[in-house]
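Undergrad: For the protein sequence lines, the chains are X and E, in the order given. Numbering follows the numbering used here, in which position 400 of the first sequence is assigned residue number 400; successive positions increment by one, without gaps. In the numbering used here, each number is its position in the second sequence, counted from 1, plus 1000.
Hints listed in this document are in silico derivations from the structure and should not be mistaken for laboratory results. Just so it is clear, CB atoms sit at the ideal spot from N, CA and C, and this is done for glycine as well. Fair warning: there could be bad hints in the mix.
To be verified - Sample of chain E residues lacking proximity to chain X, with all beta carbon distances greater than 12 Å (derived):
{"id": "1", "residue": "ASP1012"}
{"id": "2", "residue": "PHE1019"}
{"id": "3", "residue": "GLU1027"}
{"id": "4", "residue": "LEU1029"}
{"id": "5", "residue": "LYS1068"}
{"id": "6", "residue": "GLU1113"}
What the hints assert, rightly or not - Heads up, simulated BS3-like pairs for lysine-lysine below, C-alpha to C-alpha not over 25 Å straight-line:
{"id": "7", "chain 1": "E", "residue 1": "LYS1104", "chain 2": "X", "residue 2": "LYS503"}
{"id": "8", "chain 1": "X", "residue 1": "LYS356", "chain 2": "E", "residue 2": "LYS1104"}
{"id": "9", "chain 1": "X", "residue 1": "LYS317", "chain 2": "E", "residue 2": "LYS1104"}
{"id": "10", "chain 1": "E", "residue 1": "LYS1104", "chain 2": "X", "residue 2": "LYS501"}
{"id": "11", "chain 1": "E", "residue 1": "LYS1045", "chain 2": "E", "residue 2": "LYS1068"}
{"id": "12", "chain 1": "E", "residue 1": "LYS1057", "chain 2": "X", "residue 2": "LYS511"}
{"id": "13", "chain 1": "X", "residue 1": "LYS501", "chain 2": "E", "residue 2": "LYS1120"}
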Amino acid sequence: MSNILIVQDEKLLDKGLVSLLEDIGHDIIVVSDETEIFKAASLYLPDIALIDIDNIAKNKTNICQKLKLQNETSDLQIICLASKDCYSSEMLVGADGYVAKPFDNNILIATINAHLRIKKLLDILYTNNNELAKSLYQLNVLFNISSQLAGTLNKAKLINIMNTGLEKSLNFSLCFALILNGPEDASLIINSVYPISERLEHALKIRAVVGYKNYFEGKKLPFELSIDNVSIEKHHKTEDKKLDLNVLEYDYLFSSINTSDKFFGTVEILRDVEFTGEDSTCFHTVVKQVAMPLESAILYEEITKTNAKLEKLEKLKSEFISIVSHELRTPLTSMKNSLDIMLSGKTGEINKNQSKFLSMASRNVKRLSRIINDLLDLSKIEAGKMEYLFEESNIEEVIDFAKSTFESLAEEKNINMSVKSDNSLPKIYADTGKIEQILSNLVSNAIKFTPENGQVCIFAEVINFKNLKKDIFKFQDMKFDKLLKDDYIKITIEDTGVGIKEKDIPKIFDKFHQIESSLSRKVGGTGLGLPIVKQLIEAHRGIIWTQSEINKGSKFSFILPIASSNNKFLLELDNELKYSKYNHTNFVLINIFNISDRLGLNIENLKENLTDIFEKDKKIKIFTDKNDIKLIIKNVIKLDINKTIEILKKHLENDNYEMGIAVYPEDGITSEELLDFTKEPLIGLS
Amino acid sequence: MSKILVADDEQDIVETLEFILENEGYECLLAYDGEDALNKAKNEKPDLILLDVMMPKINGYKICRLLKFDKKYENIPIIMLTARSQQEDKEIGEETGADEYVTKPFSIDNLLELVKKYLK
Chain X
1 MSNILIVQDE KLLDKGLVSL LEDIGHDIIV VSDETEIFKA ASLYLPDIAL IDIDNIAKNK
61 TNICQKLKLQ NETSDLQIIC LASKDCYSSE MLVGADGYVA KPFDNNILIA TINAHLRIKK
121 LLDILYTNNN ELAKSLYQLN VLFNISSQLA GTLNKAKLIN IMNTGLEKSL NFSLCFALIL
181 NGPEDASLII NSVYPISERL EHALKIRAVV GYKNYFEGKK LPFELSIDNV SIEKHHKTED
241 KKLDLNVLEY DYLFSSINTS DKFFGTVEIL RDVEFTGEDS TCFHTVVKQV AMPLESAILY
301 EEITKTNAKL EKLEKLKSEF ISIVSHELRT PLTSMKNSLD IMLSGKTGEI NKNQSKFLSM
361 ASRNVKRLSR IINDLLDLSK IEAGKMEYLF EESNIEEVID FAKSTFESLA EEKNINMSVK
421 SDNSLPKIYA DTGKIEQILS NLVSNAIKFT PENGQVCIFA EVINFKNLKK DIFKFQDMKF
481 DKLLKDDYIK ITIEDTGVGI KEKDIPKIFD KFHQIESSLS RKVGGTGLGL PIVKQLIEAH
541 RGIIWTQSEI NKGSKFSFIL PIASSNNKFL LELDNELKYS KYNHTNFVLI NIFNISDRLG
601 LNIENLKENL TDIFEKDKKI KIFTDKNDIK LIIKNVIKLD INKTIEILKK HLENDNYEMG
661 IAVYPEDGIT SEELLDFTKE PLIGLS
Chain E
1001 MSKILVADDE QDIVETLEFI LENEGYECLL AYDGEDALNK AKNEKPDLIL LDVMMPKING
1061 YKICRLLKFD KKYENIPIIM LTARSQQEDK EIGEETGADE YVTKPFSIDN LLELVKKYLK
C-alpha cells in the first residue's frame, strides 16, 4: 500500500482512474494549489507525486527540484504529466519520470508501478544503509572503549568508561550499575539524560538489588545485599526535564559484570526506543569488556594497599634495628675494653687458659660489633637514610686500595692476588667510600672462601650497554629497562674458592640467608655483607651478579655507570627521592634549560645568593651543565620557592631560557619521570 | 667416668664446653657437624649428648629424632642447644624427643646442673 499525491488543478485524471488506484490499495491525496503541495508532501510523506506541470508552468516555478531539495521529501518519486507544447525541459529537473498528455491510463498505471518499485527498493537501501552506519558507529565506540579500558587500573574510571561507551553507542535514557565493593557494601551508579526523581531513585535501588538477587536465583549470592547497604552516585546530562517512574516502562537490557570466576556487579540500561538485537549484542560486548580490566583493577587496588602496609612495616623494622643496634653498642664497648685490659696483663698476670678464654671473648665481641655495624648499615640503606657523597671517582684507585688492604691476608694463605684492567678507565660518579666498601667486601670474601695456594683476580673493563645485555642476561633475570643506556665499568672478582651451589646462587643476596652458615661464621662473615653490597651498587644504578661452580670458584661481577652529566644528576635525584619517600619530606626540583648564553651567568654568585636565603644549610643542591641548571631544594615552604625563582630570574636576566618545576611527593614516581615534568616550561610565571 | 658428646659447629662453644666438662671430671667427645655427631653418637655410645640445632650436613633435630626412635640409642639423654628461643622451636625440639632444651646464651651453672641430673 502506497501513498500517492496528485497535484492537479483541472480534471486531469478521470474518477475511474482515481478509484482504480484506490482499489489497488493506494491512498490518494489530491491537492490543486501549488502552496499546498509542500504542506501535503511533508505531512503525508507520499511515495509518489503525480504533478501536472501544465498549470504550474505558468508560474515558472521549478517544483520538482524544490521537492527534491527539501529534506523530508528528497526521496519522493516524482512523475510529471505535461502536454508536449506546454513545458520546458527545465521544469523536469528533479523529476523521476514523465508521461505526455494526453495519456493512456494503462501507461500511467504501469509508470506508477515501476516507480513504486523503485521507491520500495530505495527505502530498503536507506534502511540498510542506516543500520550499517549505526553498526559501524557502535563498532567504533567499542573499539574506543577497549583501548580506553586497557589504559587504566582505576575502578571508578573503568565504570565511567563503560557508562560513556554505553551512552554513545546505545543512547540510553538511563543506565544504572550496581558495583559490589565488599560484603554488604555496594554502590549504585546512575547515569541519566535528565535528573531523576526521588521515587525513581528508590525504585532503581530496589530494582538493582532484586536484579542482582535474581541473577543468582537458586545459587549462593557472592554477598548478601539489602537496599540499605547501597550507596548512590548520580550523574545527569541536562536539567530540561525530570525522569520519573514511567521510565521503568521503557525497554531495557540487563547484564551482570563478571569474569568466569569473579562477580563485580550488574548493569541495566533503559531507553524509550526499543532495543534491537544488535543493540543487545553491543551492550553485552561492552559489559563483557569491562569485566577483565575490572578484575585487574581490583587486584591492583589490593596490591597497592598491601604494598603500602609492607613498606610501613619495613620502615618500622629498619628503625627498630637501628635503635636496638645503637643501644647494643654501649655495653659492647665496655665489654671490649674490659677484656682488652685483662688481656694486656694490666690487672695481673694471666695464665694460658685465662688468655685463651679472654681472647675468645674478645674475638666474639669484635664479631658482634661487626654484625651490629652491618645491621646498622643495612637498616640505614633500607630506611633511605644512607647518605651518599657522590663525586667523580677513580675506580683504579679504589681497586689499588682494596688490593693493598688485603694483600697481607692473601699472603697468609699464599693466595696469588692480581689485577687486570683496561688502560685508563673513565671516571664513575659515585660515593668513593661506598665503592671501597663494596670492593673490600667482595675481595675479602674471595680470599676467605679460597683455600691456600689459590687465585684471586680483579678484572676492570669498560663495557657498553648493548654488550652488557648480551653479557649478563643469560645469568640472571635483570631489569634492563631500569638501567641507564650508558657506558659502564665492569668489575669482576674471580676466585678459585669453594664455590656456591647453583640452587643457592639466587639467595646469596638475601638478608640473613647464610649458605653453609658454619663456613661463613668460621671465616667471620655476618651474612649481611652481600645484601649490603647489592644495595650500595643499586644506589649507584648498577647491578651485581654471580656465576659459580662448586669446588671450582666464584665470579662476582658488578657494573657502575661511567660519569656523564645526565647520570650524575639522576643519581642525586634518586637519592633525594628515596630519602623523601622514607622520611616523608618533600623537595622541589627546578630545571632551567635551553639557556642561550651562560656567559653572563656567574654560577658561584648564584649559588651564594641562593644559599643565603636558605641560611647556608644543606637545603639546596645545584647542578650545572652546558645549557642547563638544575636545583634540588629540600623541605620547602612556599615562600622559599618564590624567592628562589626571583633570584634565578635576576641572574638569568639577559638570557633566553625555559624553566620547569616539579614538586615531590608524587606517588611511585621515578627520577626520570620527575625530570620529564620539569621539561614542560612553566606558563605564566610571575 | 661418664662420656659426653658435645656437638656444635661453633668452635668457641665446643672448646668452652669441653673445658668446663673436663674440669668436672667428664670425658668429652667433640663433633663440629651433624654427620660427625651422628657417627660418634652411634659408634661411641656416649652417656649424654649436648646437641646444637643449626649444624651443617644434618641438623640437630634430625639427629635427635634418629637416635630417640632407635631402640639401641633411645636411652641416651639429649640436651638441645639453640640460638633461637621462639616457643615454636622449643615445641619442635620436644617433639623430636629431646630430654631438655636450652637456649643460647645459657648459663654454665644451669647447664652443669642439667648434665648432673641426667648422669645420675
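Undergrad: Could you let me know if the closest chain X CB is still more than 12 Å away from the CB of LEU1029 (chain E)?
TA: Nearest chain X Cβ is 19 Å from LEU1029 (chain E), so the label holds.
Undergrad: Need the status of pair LYS501 (chain X), LYS1120 (chain E): alpha-carbon distance at most 25 Å?
TA: It is violated: about 46 Å lies between the C-alpha atoms, which goes past 25 Å.
Undergrad: When you look at the beta carbon of GLU1027 (chain E), is every beta carbon of chain X farther off than 12 Å?
TA: 19 Å, holds
Undergrad: Confirm or reject the statement that GLU1113 (chain E) sits farther than 12 Å, beta carbon to beta carbon, from all of chain X.
TA: 21 Å, holds
Undergrad: Straight-line Cα separation of LYS356 (chain X) and LYS1104 (chain E) no greater than 25 Å?
TA: Answer holds: LYS356 (chain X) to LYS1104 (chain E) is near 21 Å, not above 25 Å.
Undergrad: Are the Cα positions of LYS1057 (chain E) and LYS511 (chain X) separated by 25 Å at most?
TA: This hinted pair holds, its Cα atoms lying about 22 Å apart.
Undergrad: Starting from LYS317 (chain X), check that the Cα of LYS1104 (chain E) is at most 25 Å away, please.
TA: Status holds; Cα separation ~23 Å.
Undergrad: Taking only the CA atoms, is the gap from LYS1104 (chain E) to LYS501 (chain X) under or equal to 25 Å?
TA: 30 Å, violated
Undergrad: Confirm or reject the statement that LYS1068 (chain E) sits farther than 12 Å, beta carbon to beta carbon, from all of chain X.
TA: 24 Å, holds
Undergrad: Given the hinted pair LYS1104 (chain E) and LYS503 (chain X), is their Cα-Cα distance within 25 Å?
TA: Violated - the C-alpha atoms of LYS503 (chain X) and LYS1104 (chain E) are around 30 Å apart, more than 25 Å.
Undergrad: Would the least Cβ to Cβ distance between ASP1012 (chain E) and chain X come out above 12 Å?
TA: Given a closest Cβ separation of 5 Å, the condition is violated.
Undergrad: Does the no-contact call for PHE1019 (chain E) survive, Cβ to all of chain X over 12 Å?
TA: 7 Å, violated
In terms of the numbered hints stated before, the structure departs from hints 1, 2, 7, 10, 13, listed from lowest to highest.
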